[in-house]
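Trainee: Here's the letter readout for the chains.
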Amino acid sequence: MKKDNNPIWVLADQENCNLLAVTSQLVGQARILADVLETSVEVVLLGDGVQTHSEKLIAAGADRIYMGNDPELATYHPEIYTDLIVKLAKEHKPQIMLVGSTSTGRELAPLVAARLKTGLTAHCIDLGINQELLLEQKIPAYGGEITIVCPDKRPQMATVAQGVFSDPPPDEGRRGDVVSIQGPFLSSRRVQTLEVVMEEPAGIPLDTASCVLAGGAGAGDLNGWKQIAELATVLNAGLGCTRPAVDEGWAELETMIGQSGKMVSPDTYLGIGLSGEQQHMVGVAGAKVMIAINSDKKSPVFDQVDVGIVDDCQAFVAVLLEKIRQYKKQQVSCQ
Amino acid sequence: MFKIVVCVKAVPDPKEACNLKIDPVTKTLLRCDVSMVLNPLDKHALEAALQIKAETEAHVCVLSMGPPEAGSILKECMALGADEGILLSDPCFGGADAYATAYTLATGVQKIGAVDVVLCGMASSDGATEWVGPEMAIMLDLPVVTMAQEISMLDGESWEVKAARENGYRRMRVRLPALLTVTRDLNTPRALSFSGIIKARKKVITQWSLKDLGVPAEKVGIKGSPTIVTEMCAVENTRKVEFLEGTREEKAELLIQKLVEGGVL
Chain L
1 MKKDNNPIWV LADQENCNLL AVTSQLVGQA RILADVLETS VEVVLLGDGV QTHSEKLIAA
61 GADRIYMGND PELATYHPEI YTDLIVKLAK EHKPQIMLVG STSTGRELAP LVAARLKTGL
121 TAHCIDLGIN QELLLEQKIP AYGGEITIVC PDKRPQMATV AQGVFSDPPP DEGRRGDVVS
181 IQGPFLSSRR VQTLEVVMEE PAGIPLDTAS CVLAGGAGAG DLNGWKQIAE LATVLNAGLG
241 CTRPAVDEGW AELETMIGQS GKMVSPDTYL GIGLSGEQQH MVGVAGAKVM IAINSDKKSP
301 VFDQVDVGIV DDCQAFVAVL LEKIRQYKKQ QVSCQ
Chain R
1 MFKIVVCVKA VPDPKEACNL KIDPVTKTLL RCDVSMVLNP LDKHALEAAL QIKAETEAHV
61 CVLSMGPPEA GSILKECMAL GADEGILLSD PCFGGADAYA TAYTLATGVQ KIGAVDVVLC
121 GMASSDGATE WVGPEMAIML DLPVVTMAQE ISMLDGESWE VKAARENGYR RMRVRLPALL
181 TVTRDLNTPR ALSFSGIIKA RKKVITQWSL KDLGVPAEKV GIKGSPTIVT EMCAVENTRK
241 VEFLEGTREE KAELLIQKLV EGGVL
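Protein chains in written order, with our numbering: chain L, 1 to 335; chain R, 1 to 265.
Relax, there's no trap hidden among the hints.
Per the computed footprint, the stretches of chain L lying under chain R, defined by three or more beta-carbons under 8 Å from a beta-carbon of chain R, are:
| hint | segment |
| --- | --- |
| 1 | 114 to 127 |
| 2 | 188 to 194 |
Covered by chain R, according to a simulated footprint, are these stretches of chain L (three or more residues, beta-carbon under 8 Å):
| hint | segment |
| --- | --- |
| 3 | 105 to 111 |
| 4 | 143 to 157 |
| 5 | 252 to 263 |
| 6 | 298 to 306 |
| 7 | 310 to 317 |
These are computed hints drawn from the structure, not numbers from a lab. Glycine residues also receive a C-beta, built at the ideal position from the N, C-alpha and C atoms.
Chain L extracted, bound-state conformation (with noise of 0.2 Å):
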C-alpha cells in the first residue's frame, strides 16, 4: 500500500490553561507511529493564554502546533471547537486524530468524527501500525482484547484515557513551527457555556501514589465507602474507585479508574469490594502487586490478583484500620 503522508494530529486538551497530562502523552505516542509512517506530527491546541505550552508540545514530538489563541476559545464549547476543527482538518487532512478520554474529549471526539463522517474507536488501551499502515487499534472486550481498523475513512479517529502511554522524555533540541489560527469563530451559540465549576480534587493524586486503593459495589454503604477512604489516609494511598461507587454517589467520576477512566500503575493495588469488572482492570494491569478484597471466592476479581482476601468487606476493612493503627502505634513506640 502507498505510503500516506498525511500528518497524525492530537487535539490537544487543557483546563484553566494547564495542558493535561493525556496530551502530552498522545503526541508522545503520535511521535511513535508518525516515525513508522514517516509523517509529521501536529497539535491543535485551543484556549486563551495558551501560547506558553508549544514548546512544551515541541519537545514532546509536535512538529507544528495550530494554535488557536483567542478569548472566546477560553473554555470549551461544542460548536466553535467543533466548526473550527473540521475546518482545519479539511484543510490539512490529517490521517490520524487522537483525542484524549477526559470529558471534553469525549463529546468534542464525536462530534468532529460525525462531521467528518469517519469512525472513532472509544478509549484505546494501544495504538500501532499494522502491515497496510492502517492504525491498529485496541480496545478491551469480553475478557480479551479486540482489534479495530478505519480502512477506508479519515481521519481515524481514537480517543485514549490519561495514563494508557508514559510521560515522553522532552527532547528540548526539537524544532517545530507554530502556525496561529484567527477568527472570526463560528457565531451559532446555540448553546452556550455559563459557567465551569471546578472543585480542589481531595487525596493523593492517583497518577503518581505508590499504593492505590480502589473500592467498588462491595462498600455496601456510604459508611462502607469512608471507611475505605479512611484506609487510603491511613495507608498514604490513592483513592479509586469502580463504575458502581460513582453511581452510588460515594465518589467522584474523575477518581474511576479503568477503561474510560484512569489508567494507574502504583506498586500496589489493593481492590475491595469489587467484582473484576474488565473495564476497571485494565486500568491497573500495570500494577505490580494486585490484592483483592471479596466475600464471593468465586468473584472473578480472584483470578485477576496475586493476594486473595474472602470476608465481607466492611467487618474486614474495621478490623484492619484497628489492626494497622495498633502496628503503627508499635513502631512508634519502637523508635
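Once you've looked at the hints, dock chain R against the given chain L.
Mentor: Positioned in the frame of chain L, the structure of chain R alone reads:
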C-alpha cells in the same frame, strides 16, 4: 404537543455479561445465552422524559435499533409510561458501529418528525462508546450537551443543563430542539407497575425496516460502518492468587505483613 424521543438499546444483562468470552482458539465470541435487558443508563433517559411528560403532557416516543426480539425492551418502556415505541429492525442494520447506528437512529428521528428533544443514555453498558448520542446530534443538526446530571426547563425554548466533568461540572444553556445524553445522577428510574404492564399490553410497537426509512443499504449496518473489527484475542490471566486464610484478625495481620513487604507500611 412537546415531543420527546428517547433512544434505548437492548444490551446483554450486565450481571451476566462476564459470561461473554472470546474463544482463545477460534478467536470469536463463545456462544452462550445471556438475557437482553434495557441498557441501565437509558432508564434514566426515559425517566427524565416521563417526568417532563408529567409536567407538560409531552408525548414520549422510545426508539431502538435491533433485532425483532429487542421489541421486548420497548414494551418495557411502554409499561413504564412511554406513549409510542418504534423499533428499527432489518437484517441490513446488523453489525453497525457507532457511526452507522447513529445514522440509522437519526433517520428514524427524522421520520418521526417535529421532535423537540432527543434523550439518550450517556453510554451503553456493552459497547461503552458514548458516541451514538453526539453523532446523532450532528446528523440531525441539533445542539448537544453530554453527561447531563440536572435539567431545568426554563421554558419551551431553552433548557439549563448541569453536565458532569472532571473535578466539577459545567452549567450549559441549550436552545431546543436539542439532544442530551444523561448520567445516572439525573434521577432515580421508576419501577414497573402491574397496571403499567397491563396497559402496555394493548400498545403496539411500530417496526420500521430499511425500506420504511428509505435510505440506501450501504449507509447502514456493517456496510455503513467506517470501523471494522479485525481481530479478537483472549487475554490470559498471568497472576495466580494466594488466599490469605484464618480468622478475620489473622487475615488482617497477614495482609499487614504483605503491605509491609510491599513498602506500603
